[in-house]
Amino acid sequence: MWLLAALARMHPAAESQADDVSCLRRIASGDQAGAASLYDRHARPLYSLILRIVGDETEAEDVLQDVFAQAFRQAARYDASRGAVAAWLLMMARSRAIDKVRARRTRFEGRTGDVQVLDEMPASQPDVDSAMLDEEQTRIVRQALGDLPMLQRMAIELAYYEGLSHTEIAERLEQPLGTVKTRIRLGLLKLRDVLKHPNARSPRVGGPAEGQA
Amino acid sequence: MSTHDELKASAAGYVLGSLDPPERREFETHLAGCAECAAEVASLRPVVGALATAVPQVTPRAEVRDRVISRARGGVDAGVQTRPGGRSSTSRAAALGWLPLAAAILLAVGAGIYAVRLQRQIGDLQVRFDQARSTTAVLAAPDLARIDLQGQPVAPDARARALWSRSRGLVFTAANLPPAPAGKAYQVWVVTAQAPISAGLLTTDPAGGGSQYYMTPPDIAPPVAVAVTLEPSGGVPAPTGEKYLVGMP
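Chains as they are written, first to last, in my numbering: chain G, 1 to 213; chain B, 1001 to 1249.
Next up, chain B with everything else stripped away, as it sits in the complex (with noise of 0.2 Å):
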């Protein structure tokens, strides 16, 4: 067991990522009952913060610049025009007279409307494997923990599951949530024993079920609770609404 000082002078380490596990650990759980070491970290945080930008500023070359915003989901246009094999059948296509040439821009404009499509399936499919790659990553999580959530009186039959790993996040299912009303979302937080801190909004399907992958700062207060709450649609920063559904570890 470290004294005092000893795990104090862990804050440095800790905000910088760079405890090895078994020590971290031992600060995390110290931590939590702290305040002196939490007012440590707290400080520190800005100049480990700092050290990110405290590098010699270097502008990437103007070709990274195209290469980036052509891969913006917006971009896909630039994939029609660019295709080069629709150019050149239309203009041999020209010589043999107006029927072919429909054809072949029929034929061009097909291909690059499915080229579109399959860039956007692609994206889409992408942003699933992201979810289901972070997901399976906090299943198979050393640190997991499962929190099981009750429905509030206002939605007695809403059930839900919090799995969450410090280092690699939570996964929220729910079940039986009322449709929430227009205008509103349903918020997921994580409660620390110094503030609710928000994990994102949840949306269900017509049967009130959801299913979402979110990332938690690594360095949060161990939770003491999960829940979720009816906020407006945007979201807020601290709880406002009715509780829906609310677990303890």
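Extracted from the complex, chain G is given alone in its bound form (with noise of 0.2 Å):
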């Protein structure tokens, strides 16, 4: 029965995209209506996403206005062809606010060798199908990444919320690069299990024959 339920819950992405895209019309057409909705859908998620990168509460405000602002200028160009809004939002809101740390960085450190590094690394687009994960899959993923073994899931972190590239993740973290990229990969595959068999959650164990990379 819960599965029923939970497939059940899993479809009002369809339509919740009908209403944002229908939202970016009307705040393309100047309806201010249409961005309060947009914000009011979509803000919680943002600014849980930028607050866990920036780290600072001021700052994140910051980044959230401007990831609106942005979106609100390109609402007339949105092309719906292109993947989910709320893809799109989590895509702009996660390269924005890796932009401030980086900047942070460079500023502090005074590293401005790394700049065009960073300048090259492209950012990671989150899926169209994956941002539209039910609370259910969400907390799946948040509790398997819990569950994973700390510099598995250290150097996913790094990775994705840091913005930082395999290189500056060995270092970080003090280890070999090829150890850094293995651990990565396995992390991943456990979270990728997870999420397609959340009942079977054993621990400690890769995916079927691909687990000894």
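Mixed in with the good hints, there may be bad ones.
Okay, the calculated beta carbon distance ranges per label pair [what the hints assert, rightly or not]:
(1) B:ALA1035 / G:HIS197: 19 to 25 Å
(2) G:HIS197 / B:THR1192: 29 to 35 Å
(3) G:ASP147 / B:THR1192: 33 to 39 Å
The hints are simulated quantities; they were obtained by calculation from the structure and are not laboratory data.
The beta carbon of each residue, even a glycine, is placed where N, CA and C say it ideally should be.
Relying on the hints, combine the two individually framed chains into one complex.
Take a look at the structure:
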């Protein structure tokens, strides 16, 4: 029974995408209520992600404002065939928040040499479907992330929430580069399996046959 | 040269965006021709997306909502009502009789209208500035690729050029396109080995020219072609209409 309920909960995603698109249309035509509605639907997850990355409430508020300002400006150009609005907003939030942290790092450490390398790194894009995970799935991922061996979890967190490259992660964790790559991979494979089979949560075991990289 | 298994191990870092640039380039080249790695990448995407939402959920303060919404383009009205200068000058004018009052009101209204217009202009400029900045970033990209497009039989005189950078996006400039009929619009496609991906719609001026910046996903497979088709005005997820322009790298 719970399975049916969970399945039913997964599908409001399509409907909510249609509502988001209609919000953007209204914003593009100058309707302020559209902006309010878009904010109310997305501010909490966006702010939470930004706060996780920048770690400071005032800065997180600034980034959140910038993300919405950018979304409002680009509302008219949003192309529904490119993916879900939620994913688009999350992508902007992550990349702006990471920019903020990087700017801070460069300012404090004066390591201008790194800037070009950082500049070349692509901001990875949250997948369309995944950004529409329901609360239950999100809870599962959060829990599974917490269950990972510490170094796997830290490597993944440094990559995703701090925007660090493998080399930078290896420096921070004082681990060989190859080990960092392997840990990131094993961690992601584990999260993938948990997401696929939420009930078969067996700690410390990687994917079938793929475990030893 | 890395072995296949070593390359496949890069898929996770690739999806997370954490590969160092040379490694990323090597993996992308490999990815284009390897179904196994493409499947690995596809299966890991939802996991990475889940990381975006798998953080403790916190509601932003209520003030932020007001600030955000007043910055929406429709929010210009608020700017007129809260101009403190206008209000105090009208109340002082009331003591002096009807004529100065009317003049003050006219002035306040005029200033209000001016403020609205100014704000609108600033909004438009901001959009254009964003576009210009994105365009410059593409032109300055270290990985810039140029693709020239030729007019197809329906529009033999049409020409276009696509400048594409994986990390920074696509700048597309077209000339001599026939005007799009009512209810139709031109749509630009980045064609990869797997599927055509919509870059977005292209608006043309009366002379059939148009220039536009598009964001493209940084992890798309290397394009094998860029094309323009005529589609229903809202755009479509996959091309259905006649091809107007096609070009290959």
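G:ASP147 and B:THR1192, beta-carbon distance inside 33 to 39 Å? The hint (33 to 39 Å, Cβ to Cβ) holds, given that G:ASP147 and B:THR1192 are roughly 36 Å apart.
Taking the beta carbons of B:ALA1035 and G:HIS197, is their distance inside 19 to 25 Å? holds, 24 Å
Cβ distance range 29 to 35 Å for G:HIS197 and B:THR1192, holds or violated: At roughly 31 Å between Cβ atoms, B:THR1192 and G:HIS197 fall inside 29 to 35 Å, so the hint holds.
This entry satisfies every hint, going by the numbered hints stated previously.
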